[in-house]
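Each chain, written out:
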Amino acid sequence: MEHIVIIGNGIAGVTTARHIRKLSDKKITIISAETDYFFSRTALMYVYMGHMKFEHTQPYENWFWEKNRIQLVHDYVTHVHAEDKVIPLKKGSPISYDKLVLATGSKPNKFGWPGQDLKGVQGLYSKQDLDTMEKIAPDNKNCQRAVIVGGGLIGIEMAEMLRSRKIPVTFLVREKSFWNGVLPAGESKLINEHILAHHIDLRLNTNLEEIIADENGFAKAVVTDKGDTIPCTLVGLTAGVTPNVGFLKDSNIAIKKGIVVNRLLETSAKDVYAIGDCAEQQEAIGNRRPIEAVWYTGRMMGETLAQTLCGNTTEYNPGHWFNSAKFLDIEYQTYGWVFSERHIKPYEQHFHWRHPKENICLTIAFHKDSNLFLGINTFGIRMRHPIFDKWLTEKRTAVYVLEHLKDANFDPEFYATHENAIVDQYNAEFGTSITPKKKSWKRIFNSH
Amino acid sequence: MKYIKNSGLVIFLIGLALFTVLPLLGSYKLTSKNFASYVQEQGIKSELFITSIKENITDRSFEGMYLFSTEVTNVLEKANTAHKKRKEYSKIIYAKPHDMAAALGKKAGTGFIVKNKVLLWFLTFGFGILGSLLYILPNVVLLGKKGIKNDGIYHENSTNKGWIAWLVFVFLVSFYLVLYFRSEYAVNWTYLVDPISENLSGNPAGHWFVYGFMYCTVMSVMAVRMYIKYRHNIYQVFRTTSVLFFQIVFAFLIPEIMVRLQMPYYDFKNAFPLDYDFFFQWNLKSLLASGGIGIFILFWGILLTLVIVPVMVYFFGKRWYCSWVCGCGGLAETLGDPYRQHSSKSLFSWKVERWLIHGVLLFAIVMTVMTLYSFFSETTTVLGIKTSSIQSSYSLLIGAVFAGVIGTGFYPIFGNRVWCRFGCPLAAYLGFVQRFKSRFRITTNGGQCISCGNCATYCEQGIDVRAYAQKGENIVRSSCVGCGVCAAVCPRGVLKLENGPEKGRINSTEVLLGNDVDLMDFMNK
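Chains as they are written, first to last, in this note's numbering: chain A, 1 to 448; chain B, 1 to 525.
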């Protein structure tokens, strides 16, 4: 029986295993040094905040793995001998494989800051990160201030976590507005305001220079490029992540930043594949980045690779881009491409609407000449994924999207709706006379 | 703010403590006159009983209910044993000993409590309401901005099965045990609400009136908590208002007022088989004897169960009943909301749930068929089994122990919908309709799920919501009561409760939206 070994029990590796089991009888082994069982990485924050216990972040009950004959090994892979198809382990005896799947995820970026390896300096990626955070910052007596470095999704999550325990937070963001490499200005501004409203000391345009140690090797303060010294107990490094591929150094597997793969997710070594955060596409697909450290793409690569491994050779071919996040209390969804001012395409035009009082806004990107709908960002409004997927496939115009926006609303029942106000503003700005159509179940269901 | 909260807590605890010790206090002195009227009301023919009560109890003063109750139950037991021995069956008294102790106790109460009903109401109920509001209201400020307020739930002793939770468990279980099995100890509580009862129905309060009044009070106070916690979510606000309205107006006020108007006591929203004794002989007889209104109630009760309930479930899902109307659901959604995360999501619990809830439904149906057969054929047994013994075992096991003691008492440990999930026969019936013929579903939003588990954790019905959401499948489960909290706590906007066409309601997908279309077609076929 063919033995498929998967390194990493995150969403990419586990999705691969589950789909292989659905499609075949192959022997499957998952190796992880992090935890015994798969858990949802994106939910770690809720454990610290007391919304859930760690076991709630595990999507499958513990009996699931044995029942589905997926062998779990809790160990650390030190190396890959691709020629002999053997992987040595730190504790256990080496494991040989017929096909190897590398799904080792990421690790937090460190840019050579002095003091970056001190105790009390950490990212928020792994279960171990959660454990150390619990130890260093159990409450605001033991942790009188935390400094977070890097204004991205994990940074704002870490700030939210610490605020849930009333720990004062200083948030150093290199950019002049939060996440403005991704978000258009209006949205970035909304989030800036929201961060301040949550009593987070947001310092834009500010870089970390150095982390200062106390006599026991713990971080005790950070120094910024503005010359400020901020005393703190915990330093969160959240300036993005980088593929976790250190163990492959001398393994004859081609690596750039991540493990280089082709569209079949094959690496340069025979019968070795890489998926998820640790994989780097030889050539970027569409507007996507070569390395996509996103939950959804990890899952999609897993779904795709399982096909290939079970005899249905399939290229990784992600559909329309989508993503979501939550900035403190504000939910964010995106479908298609809306670029920030930094990356905006020459043909791309934006329509931005913001609610006069509530934390609700949206941006629609469309083609300057043809009015072709390119993408949408929504904040505080939920949208139907299948509808936008369909509109993108059908190459609808922005006018069409606005006309049918009520079909796409996914907010809970009885919520105030904003389509009329949105369309009114569009009409005023672009001299159109669109009237929003009533929600139609028929149109909604044709998208399924 | 903190100060207001803490003083609220102290006031609440004083009220609660007084309420809790009240059953053990007070003195009881049954006058011969009151006893004579009781004998007449009940048509008691046992002179043995009458003389023995006169010798041992009347015009004597008892300190505390324990002595009084022991004496009454002893006398009753002795009298009945003697009559049985002498085969004087017409003289046997069928009243239950503790019910009799409660009835006589109510007449016998004297002293401070009876003379200061209003004052004591204020010191117990009043302090409870005032204290809890002082504790809850500062949350408008303390909880901060609108949004999900689940911070610290698993750090707090009370919401994470700590000793406070266990104390609440002991208190609730004991309260229900008194209510169902030792109602004489509730006599002092009844005095507190006598003025209210007399204003409503014209009668002094019994222990079920205490329960009804307390139910409304607790729901109202905890609804304030819900309004504050979910003020960003209009669905929750609407649902809480609805369930509160139906409890206060339909379950509490209307039945009491009907009694005042010489009509049968009836809760118009309480549908059979939750209302399991609707077809019991005594109820049918009383309805048939009540003229037009009795016939209307009979007709309404049947219509409610056979037509209104299933048709509404078809259009809106069983939520229209379970979390917008039902009293049990109402308490679960208000008092029980802090405990919703404790419902077990394991596959094992789901198996237990299906056996238990459908077992209770079957029990209720068999009992009712027997009851109706006995009623129309005027027999007392069916196939050699006494109908009344089936009825009383249902009343005891399901009506009292399951729905009351376990159903509410176990909130802090097993979550707030223990009864609704594992026991309610009406929920089982509604569940069939919801599963097989309804427009309701929880739509999963394409591929947006990140498997975080908030939805499943906060599902009070123990549904592993995430298991569906992460597969891109809509949630169509018979047990879902449509509380909407899964959709509220989802950080990525993945879930939406909605009523739509039956086509496409159940969707099965292998590969989620967002991946290559050809692959999706290949896998999903």
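Among the hints, a few may not be true.
Claimed, not checked - Here are a few chain A residues that sit away from chain B, every Cβ distance over 12 Å (derived from the structure): (1) Thr42; (2) His81; (3) Ser164; (4) Arg165; (5) Lys166; (6) Phe247; (7) Asp250; (8) Lys395.
Stated by the list, open to error - Here chain A is said to cover these stretches of chain B; the calculated rule only asks that three of the stretch's residues, wherever they fall, bring their Cβ under 8 Å from a Cβ of chain A: (9) 144 to 155; (10) 205 to 211; (11) 278 to 287; (12) 371 to 383; (13) 482 to 492; (14) 501 to 509.
No wet-lab data here; the hints were simulated from the structure. Glycine included, each C-beta is placed from N, C-alpha and C at the ideal position.
Looking back at the hints listed earlier, which ones does the structure fail to meet? Numbers 1, 3, 4, 5, 10, 11 and 12, in rising order.
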